[in-house]
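Protein chains: 2
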Amino acid sequence: MSEPTLDVLTIGNALVDVLSHEQDAIIDRLDLIKGTMAMVDGARSDAVYAALGPGIEVSGGSAANTATGIASFGGSAGFVGRIGKDQFGQVFAHDLATIGVTFDPDGSSTSGPTGKCLVIVTPDAQRTMCTSLGVAGDLAPEHIPSDVVASARVTYLEGFLWDQPTAKEAFRTAARGAHDAGRQVALSLSDPFCVDRHRGDFLELIEGQIDVLFANEDEICSLYEVDDFDAALQRVRHHCSIAALTRSERGAVIVAGDEVHVVDAHPVDTVIDTTGAGDQYAAGFLHALTAGRDLAACGRRGALAASEVIGHLGARPEVSLADLAVAHGA
Amino acid sequence: MSEPTLDVLTIGNALVDVLSHEQDAIIDRLDLIKGTMAMVDGARSDAVYAALGPGIEVSGGSAANTATGIASFGGSAGFVGRIGKDQFGQVFAHDLATIGVTFDPDGSSTSGPTGKCLVIVTPDAQRTMCTSLGVAGDLAPEHIPSDVVASARVTYLEGFLWDQPTAKEAFRTAARGAHDAGRQVALSLSDPFCVDRHRGDFLELIEGQIDVLFANEDEICSLYEVDDFDAALQRVRHHCSIAALTRSERGAVIVAGDEVHVVDAHPVDTVIDTTGAGDQYAAGFLHALTAGRDLAACGRRGALAASEVIGHLGARPEVSLADLAVAHGA
Numbered sequence: 001m002s003e004p005t006l007d008v009l010t011i012g013n014a015l016v017d018v019l020s021h022e023q024d025a026i027i028d029r030l031d032l033i034k035g036t037m038a039m040v041d042g043a044r045s046d047a048v049y050a051a052l053g054p055g056i057e058v059s060g061g062s063a064a065n066t067a068t069g070i071a072s073f074g075g076s077a078g079f080v081g082r083i084g085k086d087q088f089g090q091v092f093a094h095d096l097a098t099i100g101v102t103f104d105p106d107g108s109s110t111s112g113p114t115g116k117c118l119v120i121v122t123p124d125a126q127r128t129m130c131t132s133l134g135v136a137g138d139l140a141p142e143h144i145p146s147d148v149v150a151s152a153r154v155t156y157l158e159g160f161l162w163d164q165p166t167a168k169e170a171f172r173t174a175a176r177g178a179h180d181a182g183r184q185v186a187l188s189l190s191d192p193f194c195v196d197r198h199r200g201d202f203l204e205l206i207e208g209q210i211d212v213l214f215a216n217e218d219e220i221c222s223l224y225e226v227d228d229f230d231a232a233l234q235r236v237r238h239h240c241s242i243a244a245l246t247r248s249e250r251g252a253v254i255v256a257g258d259e260v261h262v263v264d265a266h267p268v269d270t271v272i273d274t275t276g277a278g279d280q281y282a283a284g285f286l287h288a289l290t291a292g293r294d295l296a297a298c299g300r301r302g303a304l305a306a307s308e309v310i311g312h313l314g315a316r317p318e319v320s321l322a323d324l325a326v327a328h329g330a
Numbered sequence: 001m002s003e004p005t006l007d008v009l010t011i012g013n014a015l016v017d018v019l020s021h022e023q024d025a026i027i028d029r030l031d032l033i034k035g036t037m038a039m040v041d042g043a044r045s046d047a048v049y050a051a052l053g054p055g056i057e058v059s060g061g062s063a064a065n066t067a068t069g070i071a072s073f074g075g076s077a078g079f080v081g082r083i084g085k086d087q088f089g090q091v092f093a094h095d096l097a098t099i100g101v102t103f104d105p106d107g108s109s110t111s112g113p114t115g116k117c118l119v120i121v122t123p124d125a126q127r128t129m130c131t132s133l134g135v136a137g138d139l140a141p142e143h144i145p146s147d148v149v150a151s152a153r154v155t156y157l158e159g160f161l162w163d164q165p166t167a168k169e170a171f172r173t174a175a176r177g178a179h180d181a182g183r184q185v186a187l188s189l190s191d192p193f194c195v196d197r198h199r200g201d202f203l204e205l206i207e208g209q210i211d212v213l214f215a216n217e218d219e220i221c222s223l224y225e226v227d228d229f230d231a232a233l234q235r236v237r238h239h240c241s242i243a244a245l246t247r248s249e250r251g252a253v254i255v256a257g258d259e260v261h262v263v264d265a266h267p268v269d270t271v272i273d274t275t276g277a278g279d280q281y282a283a284g285f286l287h288a289l290t291a292g293r294d295l296a297a298c299g300r301r302g303a304l305a306a307s308e309v310i311g312h313l314g315a316r317p318e319v320s321l322a323d324l325a326v327a328h329g330a
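Line by line, the protein sequences are chains A and B.
Each residue of the first sequence is one higher than the one before, counting from 1 in our numbering.
Each residue of the second sequence is one higher than the one before, counting from 1 in our numbering.
There could be a bad hint or two in this list.
The list treats identical chains as interchangeable, and a pair is accepted whether it falls inside one copy or across any two copies.
Stated by the list, open to error - Below 20 Å or equal to it, Euclidean Cα-Cα: the simulated SDA-like pairs (lysine to any residue) are: (1) 85 <-> 112; (2) 85 <-> 42; (3) 85 <-> 50; (4) 85 <-> 47; (5) 85 <-> 105; (6) 85 <-> 113; (7) 85 <-> 111.
It should be emphasised that the hints constitute simulated quantities derived from the structure, not laboratory data.
Keep in mind it's a predicted model, so treat the numbers as computed, not measured.
Based on the sequences and whatever the hints tell you, model everything.
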């Protein structure tokens with residue numbers, strides 16, 4: 001087995017986020033569920049967009065956000081996902097390249113629109129999302145670069161991929177390739193409704209294919225169909241090698257068999273927008289993990305990255321996370 | 001003469017801004033001049049973009065920004081400019097419609113790229129811009145809706161239009177149409193280098209065609225080729241019916257013949273990004289002017305609008321300027 005050339009390869013939906021500040025009432029009026037992600041077709045996306053105020057466009061996509069966080073920490077990260085040959089695709093590719101994430105725009109682009117995620121930010125800093133996948137949903141096994149997967153310490157997959165049949169196969173191909181090369185596979189459960197849609201598959205996957213699991217409280221409770229966090233914790237600890245369970249301002253719990261760490265959230269002055277908190281938590285955690293740090297240190301670095309991203313609008317770091325890690329000794 | 005149906009019609013380059021935070025060094029490295037706008041072709045724009053960090057895309061364009069400010073104050077505003085049939089064009093049209101600015105996206109779109117303005121924000125909150133006009137530069141006399149011009153109390157034109165031969169003709173057509181209908185014409189000088197390129201034309205225009213002139217200190221000094229603000233002030237007071245001259249944190253001076261008002265800048269906690277300060281100053285001023293307020297009140301409302309926009313990233317208001325005006329008694 002040769003030395004890995006990438007710390008983390010992330011695979012997911014390539015999206016451009018369109019953020020707008022809205023009052024709470026619009027969530028009900030648009031039949032959305034606060035704090036969750038709804039997958040919609042182009043027509044529904046257009047109808048929701050027309051109801052929203054002026055927007056800010058920024059590159060997004062859960063797994064891609066995580067890749068930018070790892071790069072910002074100084075780690076080597078790559079991303080695989082599909083973009084359109086359009087302006088949003090150019091923006092998405094530019095924003096990865098310029099932060100240092102390895103991505104092949106030419107090999108990743110196809111005709112059709114780049115995926116778009118309408119992110120409605122309410123006064124409580126909560127975000128409610130409405131995604132039209134566009135060509136992001138075309139991800140298929142033939143798009144998984146087996147050599148890159150084999151060269152990455154960790155291949156990180158977002159649960160959202162499970163919503164599309166070919167992307168699900170791509171997910172399986174990538175996970176198999178990583179394990180065949182002796183590497184690790186990480187999964188983010190992404191969203192409680194996503195878990196609800198694919199519970200059986202996720203339970204089976206976690207049993208055999210996932211080395212590091214990321215989930216928030218709602219997601220892990222949904223996975224095991226339990227009402228309280230502690231019950232979910234007891235289930236996951238013997239189900240998965242490492243699970244990092246985030247609980248917003250109550251911090252995170254990291255479990256690996258009998259090893260359990262409770263890591264406090266990093267303090268934040270004002271929470272502006274929680275978009276990307278989970279993505280950046282995963283970035284910090286995986287950056288530390290691939291650098292050989294212990295699990296408590298992984299948790300602290302995850303918390304630090306999450307605290308940075310919720311302090312401003314958008315799901316990607318605005319400052320160097322490497323500098324921030326030095327400043328906070330994380 | 002029938003009652004006006006619009007307070008202000010603004011005409012200018014339809015642009016999407018791509019903002020990025022950069023260190024000062026990049027300005028020299030890219031051969032740009034801090035605080036100014038460089039007009040570039042697509043290839044140069046691509047080269048500059050490739051050198052910049054991750055961006056935030058927001059609708060922009062000087063005159064369009066002014067229209068959104070007037071709408072945010074509760075005034076009726078329209079915009080005329082050219083967009084492409086592309087994603088940036090859709091974003092631009094959405095962001096005008098949703099804030100209440102009258103704009104005809106179908107009649108205003110053409111094949112070719114929507115104009116793009118790379119906005120480099122340095123740590124001093126100053127912005128340096130690099131614009132590739134795309135189809136915004138195609139604006140021509142046949143695109144000026146004579147009925148709309150005739151129905152607006154004020155037609156507001158940005159000096160940047162003078163950089164394109166057909167847009168210059170469109171500018172003349174609009175100004176003539178407004179005056180023929182007994183309406184007023186306002187001009188923003190836009191940028192000191194723009195003034196330098198078109199000094200003779202601007203001097204002649206102001207003499208005969210402009211009722212309200214907006215300029216900052218650099219621009220008005222460039223216009224009259226004088227070194228100090230007071231010298232420029234003495235020149236402009238007998239040259240133009242109303243001139244509103246902005247001086248950043250030193251406030252603004254409004255002159256109309258023998259009438260002179262010095263209006264302080266509105267206090268700001270932290271200046272984040274000066275992009276759009278002049279555009280929003282014009283919005284507040286024109287909103288008050290078209291409501292029949294006196295010149296001092298126009299100046300105070302301009303200062304209030306400018307203070308809102310420099311407190312955050314981007315060139316358009318983030319809160320209701322009408323609410324802000326009530327809160328501050330402006």
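Using 20 Å as the alpha-carbon threshold, which applies to residue 85 and residue 47: within, between, both, or neither? For residue 85 and residue 47, only the inter-copy Cα distance (19 Å) is at most 20 Å; the intra-copy one is 23 Å.
Up to 20 Å between alpha-carbons, please classify residue 85 paired with residue 105: within, between, both or neither. within (9 Å within a copy, 23 Å between copies)
My question is about residue 85 and residue 112: at a cut-off of 20 Å on alpha-carbon distance, are they close within one copy, between copies, both, or neither? Answer is both; intra-copy 7 Å and inter-copy 15 Å each pass.
State whether the alpha carbon distance between residue 85 and residue 113 is at most 20 Å within one copy, between copies, both, or neither. both (7 Å within a copy, 13 Å between copies)
Within a copy, between copies, both or neither: which one fits residue 85 and residue 111 at a CA-CA cutoff of 20 Å? both (6 Å within a copy, 16 Å between copies)
For residue 85 and residue 50, with the copy left unspecified, which applies at a CA distance of at most 20 Å: within, between, both, or neither? Classified as between; 17 Å across copies, 24 Å inside a copy.
Please work out whether the CA atoms of residue 85 and residue 42 approach to 20 Å or closer within one copy, between two copies, in both situations, or in neither? Both: 17 Å inside a copy, 17 Å across copies.
In summary, the structure agrees with every hint in the numbered list given earlier.
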